[in-house]
Amino acid sequence: MSESHLEEVPLERVDEASPDAAPSAEPLLVVDNLEVRFPTDDGEVQAVRGISYEVREREVMGIVGESGCGKSVSSMAMLGLLPSTAKISGSAKFRGQELLNAPDRELRALRGLKVAMIFQDPMTSMNPVYTVGKQLAEAVRAHHEVSHKVAKNRAIEMLELVGIPQPKSRADSYPHEFSGGMRQRAMIAMAIINNPDLIIADEPTTALDVTVQAQILETLESVKDEVGAAIILITHDLGVIAGMADRVKVMYAGRIVESGTAEQIFDTPRMPYSAGLLGSIPSMDSSGTLLTPIAGTPPSLLDPPDGCPFVPRCPLAVPECDQSEPGLHQTEQPRHEAACWRWEHLLTVDDPRLLFRTGNELVDAGIVDSEAALTGGDQPVATERPVADTTVPHESTADELGINEPAAVDRATDTTVSHEPATDEPMPDETERRS
Amino acid sequence: MSTNGEPLVVADGARSRDGVTAREGDEMLVEVEDLVKEFPIRGGGIVKRTVAKVHAVSGISFSLRRGETLGLVGESGSGKTTAGRAVLQLHRPTSGSVRFKGVELTTLDSSGMRDVRKDMQIVFQDPYASLNPKMPVNDIVGEGLVVHEKKLSKSERKDRVRELLSDVGLRPEHGNRYPHEFSGGQRQRLGIARALALDPDFIVLDEPVSALDVSVQAGVINLLERLQDQHHMAYLFIAHDLSVVRHISDRVAVMYLGKIVEIGEREKIYAEPTHPYTQALLSAVPIPDPHQEKVRQRIVLEGDIPSPVSPPSGCRFRTRCWKAQEICADEEPELIEHEPGLLSACHFAEAANPLTLSVKGSDGTKLVV
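These protein sequences, in sequence, are chains D and G.
Counting from 1, position 288 in the first sequence corresponds to residue 288 in our numbering; the numbering is continuous, with no gaps.
Counting from 1, position 262 in the second sequence corresponds to residue 1262 in our numbering; the numbering is continuous, with no gaps.
If you want the ones that stay clear, here's a sample from chain D, every Cβ over 10 angstroms from chain G, calculated: (1) G96; (2) P304; (3) P334.
Stretch by stretch, here's where chain G covers chain D in the computed footprint (C-beta under 8 angstroms, at least three residues): (4) 204-211; (5) 227-241.
Hints in this document: simulated from the structure, not taken from any laboratory.
Ideal Cβ placement from N, Cα and C applies to all residues, glycine included.
Assemble the whole structure, with the sequences as input and the hints as a guide.
Shown next as structure tokens:
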């Protein structure tokens, strides 16, 4: 039944700006040096500090990073969804059309038609006083000159496509009558209802249980093929990225710090931060081992450091890292880029995740034999750099790893957040702003 | 062992309803039996009559030893948080028994409870909502000491707070700050310090790391493990993140709609679960490895967890279960041992590896790549 609707109602696009036959290698979206700054009372927060990437047709590009790294802000900037106080510069071209600072009228014609967005929280992103069917139909009618009836049928058809049982009666339900998973399905239905070329999925499964997450990811995967869209998948969940993404961008402190295929990033990370992220997640097949947190917190984006922003937390950092911020450059693998002065060092390390083991954890893991050997001052590990020749007095790990082990480990070193960035500026401001 | 439907009885007298193979001389710290918690739904009108009940927890049993961690997992709405609170008597259970160090808690009056409370603590999920924004850290962490350790002088109390703060990896000199001055991970450490203040024997950790970024989460998990080793506490670790639970727990209980459907040793649960729900749950967890994750098969359950107001008859999982047959609607399966060290409540329990989904005779299983 649903099939027939599609045929009966060929939805002609009202706006004909798109050269629809574009199977070329031309990227769908080209983002170039995108910067987003927010003026605040304390100064300008540089939320996104110059990122560039391309999204090709029908690919899934994952953007991963911790909260506050700018992953959501960068995509909202492209769609003109940020508050008007945001200062946006750079360029983002969708099929050659400039999106940044484009007039509202142009963006409106694009949003929901060719570029759709799936938000994290489906409860707050749907209107509670209209039925789901009506909201989906509205999305159709915003871009196509069709009758209410046609639009409604299209809505029902989409609800069926995303796996909502009894779509016909469910279309007359209100969002609060749906469960979390069903609401997210309805969001996906709304996103694909106009056959977009690009779907930006911002943490689409974060609020959901794993079983529902599996359903949603499966739905997303199948509708992507159905409508032939590319997806920008923004998430902090490396497991989701591993399963979905073709290519991955790792973001840190408003910048892309590593870029490559999912396999490259997960197997051979070339930026210590990516390696640290991978080491800090407990995984299903590695239990009982000690987790390796990344000590410290990201820098304040009010006044980002001159050097690499990861320096205070990085086990590989040397004094030169403080001098200037590395850009993305080619690693030994094709199309794998990392923003690290010392990425070559990672080549020599078998398991880069071990880099983040601090002395205390080496004790716990039985690598170093006595905790007494490790007593140091009350200093966080990170502030002890540069550590060109100071090493923890333990047998061999640091040498084996070919790294400079962060020295002077106190007993609280496995405790992440207590370590402030190397600067001795008062913490409260920083934490406050970030939260 | 006992596969004929009778509850397993273990030699030393401690009834093992949860896969504990009791060890010699081991003292059970917490024993929970047939714990039930129902919340009334009251109708409108002048006389607010109870028109229905939310069956949040419907008869669960487990026990915990000193120094042990029991992971409690399940989807949202499965009753795991209610279970944790009912154990601590923060919700008075509707029926059932909770014994802590041999003392029956459900019948204790409030002054009796007060004495017990200092040995049982809780760490809440949301580090933003669970700390009083108007109290400085010293007061938050030291409040329990004011109530329970009246002998302590002001300066002794202050010293103790400083010690606690450094114990959880915070700087003691930050004691005068307010909660908003700390990051999420640091706040969760404050919550842990507060729970530790009275040197408890048992802590309920209610989703303690769910709100944190992964790199921070790892630090808090390591901290919890270290503190457990130092203080020999028992943890009831409630979480929906199965990887975290696997990491920290000795034993794991899987809850579904108010019931424990499977409970046993961690390795057993994760390597060869026998309950279909556990299998589905585990197969849904994304693995951070693109090679495995992209080729892996998973059981994708249909629909959502049913309403706890009117749970399905018989086995509560049957509405979403691919193995369900008539018996599942008629007869509620008992929680019995199907594999050594693993109890599950399913009429058709069979071990399967959730990562490879090598289910023996898996006809009708919905396998989705």
